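Undergrad: Below, each chain spelled out in residue letters.
There are 2 protein chains.
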Amino acid sequence: METFNSNIFPKGEKASSDYFSGGIAWVQIVKPNDSELNCQIGNVTFEPGCRNNWHSHSGGQILIVTSGTGFYQEKGKPAQVLHSGDVVNILPHVIHWHGAAPDSEFTHLAINTNTQNGIVEWLEPVTDEEYKNL
Amino acid sequence: METFNSNIFPKGEKASSDYFSGGIAWVQIVKPNDSELNCQIGNVTFEPGCRNNWHSHSGGQILIVTSGTGFYQEKGKPAQVLHSGDVVNILPHVIHWHGAAPDSEFTHLAINTNTQNGIVEWLEPVTDEEYKNL
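Chains A and B, in that order, are what the protein sequence lines are. Counting with the working numbering, you get residues 1 to 134 for the letters of the first sequence. Counting with the working numbering, you get residues 1 to 134 for the letters of the second sequence.
Hint data in this document are derived by calculation from the structure and do not stem from the laboratory. These figures come from a predicted structure and were not determined experimentally. It is possible that part of the hints are untrue.
Same chains, same names: a pair is fine if it fits in one copy or spans any two.
With a cut-off of at most 25 Å between alpha-carbon atoms, the simulated SDA-like pairs for lysine to any residue come out as follows [what the hints assert, rightly or not]:
no., residue 1, residue 2
1, Lys77, Asp34
2, Lys77, Ser35
3, Lys77, Asn133
4, Lys77, Pro102
Please model the entire structure based on the sequences and the hints provided.
TA: So, in structure tokens, the structure goes:
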């Protein structure tokens with residue numbers, strides 16, 4: 001069985017604590033936005049316990065989980081547990097968050113689609129109470 | 001260093017010999033097309049020597065190389081060598097092909113963007129002469 005370093009991308013820059021809490025996240029932009037493909041792709045690595053704020057995407061987003069265990073939750077719905085190989089379709093304007101499990105680093109590609117409509121609209125942090133009561 | 005099976009997706013179905021030559025390719029659709037995200041994603045695995053036909057995408061495509069060594073060539077330009085972590089932006093209507101090196105399996109994600117404009121338009125095979133003269 002072929003194995004390789006799961007980090008095929010550099011870890012990138014520390015993400016802003018304005019939009020992430022519970023630990024540190026790193027973001028490597030692997031495909032900058034442009035006006036012909038209308039797509040921006042980032043590789044995001046979350047420390048255990050780290051998650052992003054509630055947010056939405058006017059053009060939608062697709063997550064491809066590449067390592068670790070994490071969560072995805074849409075407002076008003078139960079959280080889903082995510083593992084390597086899982087794909088999440090986030091439709092435009094759906095309020096949600098994603099991040100690592102308390103005991104696992106978590107990495108995913110974040111593919112922003114239809115970026116002519118906007119990329120991300122940030123909302124409030126996911127509180128410790130929300131995160132602990134998953 | 002964390003390592004994991006590079007095949008985070010199943011290998012999928014054998015691709016049609018109408019559109020691939022020089023060996024076998026497998027395609028696993030990891031995100032079916034839809035009319036809200038306007039995006040379809042496949043994971044493509046090429047045997048050594050295997051490449052797809054010349055083709056273009058009306059909505060564009062992004063390749064993310066996940067393992068092995070391969071090539072990408074646009075019509076009238078030199079071929080580029082691709083390795084794990086490389087990202088290729090294929091603008092709408094650009095005629096091109098991609099595939100494995102003669103001595104390496106090659107795997108990439110193929111992210112079809114703006115699929116409201118179409119996904120793929122197939123052309124003629126890449127001949128052995130074209131492939132051997134890279």
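Undergrad: Hint by hint, say whether it matches the structure.
TA: Each hint tested on the structure:
1. Lys77 / Asp34: between (33 Å within a copy, 22 Å between copies)
2. Lys77 / Ser35: Only across copies: Lys77 and Ser35 sit 23 Å apart there, 34 Å inside one copy, limit 25 Å.
3. Lys77 / Asn133: within (13 Å within a copy, 56 Å between copies)
4. Lys77 / Pro102: within (20 Å within a copy, 49 Å between copies)
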